[in-house]
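These protein sequences, in sequence, are chains U and W.
Here the first sequence is numbered in the working numbering, starting from 1 and rising by one per residue.
Here the second sequence is numbered in the working numbering, starting from 1 and rising by one per residue.
Derived by calculation from the structure, the hints in this document are not laboratory data.
Treat the hints with caution; some may be incorrect.
Stated by the list, open to error - Estimated spans, in silico, between C-beta atoms of each pair:
hint: 1; chain 1: U; residue 1: Q111; chain 2: W; residue 2: P83; range: 20 to 26 Å
hint: 2; chain 1: W; residue 1: I12; chain 2: U; residue 2: A53; range: 46 to 52 Å
hint: 3; chain 1: U; residue 1: N59; chain 2: W; residue 2: N84; range: 32 to 38 Å
hint: 4; chain 1: W; residue 1: D56; chain 2: U; residue 2: D54; range: 31 to 37 Å
Said to hold, decoys possible - Not close to chain W: a few residues of chain U, all C-beta gaps over 10 Å, as computed:
hint: 5; residue: Y30
hint: 6; residue: K60
hint: 7; residue: S72
hint: 8; residue: S79
hint: 9; residue: T113
Stated by the list, open to error - Facing chain W, a subset of chain U residues (Cβ under 10 Å, in silico):
hint: 10; residue: Q6
hint: 11; residue: Q38
hint: 12; residue: E42
hint: 13; residue: L44
hint: 14; residue: L46
hint: 15; residue: K49
hint: 16; residue: A91
hint: 17; residue: L92
hint: 18; residue: R103
hint: 19; residue: Y105
hint: 20; residue: F106
hint: 21; residue: G107
hint: 22; residue: G109
All C-beta atoms, glycine included, are put in the ideal place defined by N, C-alpha and C.
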Amino acid sequence: GDSVTQMEGPVTLSEEAFLTINCTYTATGYPSLFWYVQYPGEGLQLLLKATKADDKGSNKGFEATYRKETTSFHLEKGSVQVSDSAVYFCALSDRDRGSTLGRLYFGRGTQLTVWP
Amino acid sequence: EAQVTQNPRYLITVTGKKLTVTCSQNMNHEYMSWYRQDPGLGLRQIYYSMNVEVTDKGDVPEGYKVSRKEKRNFPLILESPSPNQTSLYFCASSPAMTVNIQYFGAGTRLSVL
Chain U
1 GDSVTQMEGP VTLSEEAFLT INCTYTATGY PSLFWYVQYP GEGLQLLLKA TKADDKGSNK
61 GFEATYRKET TSFHLEKGSV QVSDSAVYFC ALSDRDRGST LGRLYFGRGT QLTVWP
Chain W
1 EAQVTQNPRY LITVTGKKLT VTCSQNMNHE YMSWYRQDPG LGLRQIYYSM NVEVTDKGDV
61 PEGYKVSRKE KRNFPLILES PSPNQTSLYF CASSPAMTVN IQYFGAGTRL SVL
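Just chain U, with the same shape it has in the complex (with noise of 0.2 Å):
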């Protein structure tokens, strides 16, 4: 079935690094790829998105690019800062299933923290 495959956290970085979450996914037909992003207490809220191959999603600096041959949609930010510290959800749906079509298939989630 579909699924999503992030890579495990936490994540710790200091201001103004890199940062690469890796996200792989499995389905069957022609899925849209999503990140969402959970600041401390509060519920997901939709980070960008990107709905066919080759597609470049990004919002707020964050960037992420839908690679069909490797099935990856990996987030990218060239410098974190400390606001940036949530738990990074990738996500899949899939628009080829009939009564679930449109469904979110999330990953586990990766906790990043971003010190001064």
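The hints should help you fit chain W onto chain U, whose structure is shown.
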């Protein structure tokens, strides 16, 4: 302000005592869903609803009930809570045409003793 509101935010209860967690959205969304979040397991879907009076099971529905009598409300009911239902619960909603872009409530932390 567009939002998904869950109540209560924190709840401690005892095994077997029925409880309801409420969820309400003010965005006129057709789709609503309940998730539980557990360490190392991420988010798992409990139930979802595509519209009023239409509900379906997610990945982990055992021990839970839901109802969708009105478009804005989607309560989660635990008829006889057990300690393995101790978790962080999230309600989410979205328009029917974009159910993969969901808006989440702030969460309800439930402890069952």
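**Item:** Violated constraints from the hint list, given by number and in increasing order
**Value:** none
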